[in-house]
Amino acid sequence: MTAIDQEVLGVEAVTTSLPRVAAENAPVPVPRTIDARRGRGDRVFFRGASASGMVVLAIMGAVGVFLAIEAKQALVKAGPSFLTTAEWEPDRGRFGIAAVMLGTVLIAVVAVSVALPIALGTALFITEVAPTWLRSWLIALVDLMAAVPSVVYGLWGLFFLQGNIIGLSRWFNTWFGWLPFFKVTGSDPDNPLSNASVYTASTFIAGVVVAMMVMPIACVVMRQVFSQVPPGEREGAYALGSTRWGMIRVVALPFARGGIIGGTMLGLGRALGETIAVVLIISPSFKINFHVLEAGANSVSSLIAIRYNETSGVGLSALFAAGLVLFVLTLIVNFTASWFISRSRSGAGSEA
Amino acid sequence: MTLLDDRQQFGEPFALFEDAGAFDHVPVAPAPRTTLPGRPDDVVTPSVQRPIARISRQDVLTMAGSAVSALCTTMLIFGQLTSLSGTLGFVVVAFVIFVVTYAVVVGISEDGPAVVDKVVTVLLAAAAVLAIGALSSVVSFTLWRGRNAIWRPNTYTDDLGKTGPLDGVDKGGIAHAIAGTLIITAIALVITVPLGVACAVYLNERRTRVAGLVRTVVTAMTALPSILAGLLIFSTWILILGFERSGIAAALATTIVMLPIIIRAADVVLRLVPGNMREAAAALGAPQWRTVWHVVLPTARSGLTTSVILGVARGVGETAPVLLTAGFTASMNVNPLRGAMVTLPLAAFTLVKSPLPSQIARGFAAAAVLMVLVLVLFSLARILGGRPVGQLSKRQSRRAANRSAQDLRRALARHASQPQATTEVSG
Amino acid sequence: MSTTKSHVRRRLLIVAVLFLGWCCVGTAASPVVADGYQRISGEGSSWAANAIDAMRVNVTQYGITVDYNPSGSTAGRKDFLNGTVDFAASDIPFQFAPEDGSAPENPAPNSYAYMPITAGGTAFMYNLKINGKRVTNLRLSGENVSRIFTGAITMWNDPAIAADNPGLTMPARTIVPVVRSDGSGSTAQFTLWMISQFPAIWTDFCNRSGRAPKCGSTSFYPTTTGMIAQSGDLGVAGYVAQGFAEGAIGYVNYSYALGNQFPVVKVLNAAGFYTEPTPSNVAVSLLAAQINTDAGDPSVYLTQDLSGVYVDADPRAYALSSYSYLILPTVIGGQFNEAKGKTLGAFSYYAMCQAQQQSASLGYSPMPVNLVQASFDQITKIPGVVVQDIDIHQCHNPTFAADGSNLLADQAPQPQACDQNGPLQCPTGTGGMSNVPTAVSDAASGAPVVTTPAVTTPAVTNPAATTPAVSTPAAGSGGATPGVTAPAVTTPALTTPAAGAGGANPAVTAPAVGGSGASGSPTVNTTVGGGTVASGAPVPGGATGAATDPAAAGAGTGAVDPSTGGLLVDPAAAGTNIDPSAAASVGQGCDPDTGVCAASTPNVGAPTAGGAATQTVGAVTPTTLGQSSGFGSSLVLKLLVIMLTLALVLAPAYAWRHYSSRGMA
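Residue numbers (numbering that gives the first Met the number 0), protein chains in the order written: chain F, 0 to 351; chain G, 0 to 426; chain X, 0 to 664.
What the hints contain is simulated information worked out from the structure, not anything from laboratory work. Just so you know, these numbers come straight off a predicted model, no measurement behind them. Glycine included, C-beta positions come from ideal geometry on N, C-alpha and C.
Each computed BS3-like pair below joins lysine-lysine, with the alpha-carbon atoms no more than 30 Å apart:
(1) X:LYS213 <-> F:LYS286
(2) F:LYS182 <-> F:LYS286
(3) X:LYS128 <-> F:LYS182
(4) F:LYS76 <-> X:LYS213
(5) F:LYS76 <-> F:LYS286
(6) F:LYS286 <-> F:LYS71
(7) F:LYS71 <-> X:LYS213
If you want the footprint, here are the derived chain X segments under chain F, 3+ residues with CB under 8 Å:
(8) 77 to 84
(9) 215 to 225
(10) 236 to 246
Pulled out of the complex, with its shape left as it was, chain F reads as follows (with noise of 0.2 Å):
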């Protein structure tokens, strides 16, 4: 104990002092008023936050509005048929976004199913199996992946995979061409010299890129998902004899399902909307067309990134309409997912 303690607590002598009072001149106590008004302080604060609140909502909700009002015009124009026209051709009024739209989904497919194995084997991995030191290395490392700029994952799309996963496309075509999703027109499996370039510049590789941006946006959420998992219910199995593989399946993968969709369709979201990996590998088609593996793709956000600046009026307010259709989309997505999150048992107190 110091000094200064001492002298503060005072061992020895607690002793309260009051105020000797006159009693003949005192004031009549008067008790305080209790005020519920904000102080000035306050009032300026609560102004400045609302305020703040309204610019975001008049930023946001204008982008939104100006959006729609954008669209217009191609939408009118259009009409339903919009919505089932393929060609892209908005100077002479056929335009629609069929084509585009499923391009668009066929990437984002392709993206995370590529991205879902890995991305719940990472998750799973770095929750159930690798030791703490592995752990939050891989953490680190899973974020980080999250965060390499799209254009990095789009040149080593255009630089490196495409050259060499054509043997993979290859391989697919010759043993499962006769599914129609793995057809590729013009391609010749038997020819020795038959052309690479068919599987060149497909939804295929444009999906793969896009799943390298979409596996750790859902790995993120599926470890956090798992590592909610209750460590009674985890124990509980394991005291029954259960090997690691079975408290993964009948206790971890349920409990964490909602996060494994959400996570899923949160990355899905991202598949959606990303631009400039796509831009670089593909070849824009204005076809409805299943085929992955072959070349011609297209997406509505590429279409944009290629058009924007050679439009005007009609083709321009196209763009546009093509852009709120995709929006649309993505928020339907996203909201689905948070909440698939937000109704799990596990995602019960989270904000996704």
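Starting from the known structure of chain F, fit chains G and X onto it as the hints suggest.
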């Protein structure tokens, strides 16, 4: 088995546990008196605890053996038996053979569930290796292709203004893109951070219906594809308002991308500030703005910094909005209001399209610099945001202790200066 | 608690203050640069981008900063109309009535002026190998080109293509036409040519592609299955050059084929010769172009009518030659003001005068004197321009002759005899691979010597020396013409690689030094190589290997810094004293994959200068091909990946082990 010996000495109560070998290591209190029916026969099989996390020598040997076997088999298949070829095919076939071999080898000594468990473990590890391998492939490929430009100082000090189609990587660089990135990000930060943090505070302090609407709209806007932000600014700022493509236009587009991200992240962080700290401040009579300024924001500081940095990392790497709004230039431009400005991702995107190896190398160098920038930002975020809200670092707690001591001294000083009134009422 | 400020805020404040300060400094400093030139921005043609880029670089010496974004002619015109750029570059004029049904462009009358800035040929760059060796001498008739790009011919071994190439055994490989995905002037020029020359083929394609009935010329190429669409000339050239793109053929400006070190198709012209769009051939062809001279109507003044070019009967003509234009503003508006007009004027003067001497080295053709003069008049219409009185002969434009004729066209070499439509086929390489001949079958080579594919008749002794009409001993088939090369050399850095090479061979040094002076050295008048154009050095004896001189060969392999790329070839090629007999015995050619030149010249004397070019050949080819055809050092790359992966996993493991054990102890 000293434990067992002890039990025999103690006799009865411990005999109960003889059958439950699995609890061998559990320290046993003498109290419980539950009687279990004994086994009909006296044959006791001493069971051993099943290791679930440890890697034994057998595991390692099994794995190594299977790996070697798989490698050899694959080489045999690829070289001798069939005409398969290709690195990718080799790796895939080798992995499949490895898994099968491993399953068989494990099956020799283990039962069904254990085999499944081991195989699944291998598959999970393979997924992780695949993910990390993909990341390192991206990183190393970028560095590799940019290797000719990365180590040259002129890459970081020169722009491409005087670099023609025929110049090599020893001339010209990406300084203009680095400057552009910094300027555009700085403008976006100046707008987004005060606005974003203020809006997050608003969302947390006012739980009104309007705040709920703002929150929903902000959440919705995180789904906005970044190219649409660019298209909006292109259409409004450039086409309708008639400004030229410039750094400020790109910064506005980046702002639209970053703002919802920062608000949402800051919102989450602020919500984590413990309610009792707010209540304590209120109980001390602090008005709400003082509570926010002196309690909530400092408490959430590291989290806020993290959310800002993550927003910046996202903003720095965005190409699409900048592509539509910044124009393209090969020369240094530090004026965001006039003239085209180029950012690192845009430079990478544009330069690699060139057929010239030197331009491609510069493009990859830009990508590498961008990657390093994001990496640094990211590490910063992890360092600053690694601590949960309210938990102080050594320096912070030392500072807090100093402040307490100061307060104490102040109180004492006041105590000493106050005239000692009376001790009448002392009890 | 008074010390407890929000550090977040404080930092932000600092950042904001710093930034504002920076802004102020920037605003104060940057609008006015040297000589009062304001920064100007342009956008448009990627076809002409290499030429404009070179001009952009060179005007920095006058303190002029030009931002040029090669995003396509259509984008350039649109942005010019939107007023977001100061000038546009477009291969075609404004489309008042587009024939493909797209929206008409309606610039305000008298608000703009066309100024032809450069000329060039739309080349067909292709990626084709026969038995693993790259084909460099492919020939196609215009009809077959049209049918390839309309999907009517799908295989390289189509009889029609085989008929064009009697000396080649075409592989049974599918053709992948690579077209532009963005709005492009070169697409417009290409489709215009097809519609004009082969309307049936085009109409058929137009119907199939769903464009009908709007089947006019279009900036947006219709695609069908099997085609690849890429953005910009860069995108098309980049795709064709990829290793996996074997069988691909795309249309780009000639300069991109040079830059990518790829060959281009020799297209059959009306005279029955297969030609490539060398600057001189383009100059010849454009003599037949009708330039609108109605100065009163700015919407057509100086625009081109190329129908005469398509059917030009000169044996050197290349049908797909055309001019590219700058669109200059003649009124203030949008982003454009008089201060920028001053800059734009100065830039335009430079572009029309000094810059023209450099065009040929990049693969473009310089402007003839009449168009330069007309352009000078156009420049005066820019608001704010400082009118310059330029003596046109001080421009060193290689096309200018004293009598006003087009010198470049006059001196353009005649095609080789084997380039004539018939049973013969030249082995000579084209475009960026003019130094790499392709072996042709004996019958087509027309040569009695079997062992070397090179033609030994005196008229074609040297694959680079194409015609006897040339006064100088050699002219690069892929490159420039007499008198062009020397002024083309603008950067002294260009010569350094070759100078390095020269160390091993004394004879080389002289031409290398000669090239270092832009103005030319005594050797210049006779050392006409492809200059920087031909990257692979279409120089005399370009294919001669120096087998007998191992030192020279060795020097060659290290001659060029791999990082500097293929364009950096010694522009001053071989010396004057080439022994004709030495040049006559042309080597077997260079392997396009390895760049190793199989040598078969027993009698190249050490003192002769033939080695200079040879060495650069050997050095350039492998590096650039390795770059463009994918991933030369992929083994090292793989090792790097593996090591990085291992390091990422193992390093923390060891670190953890280390620290945890230390912690326990």
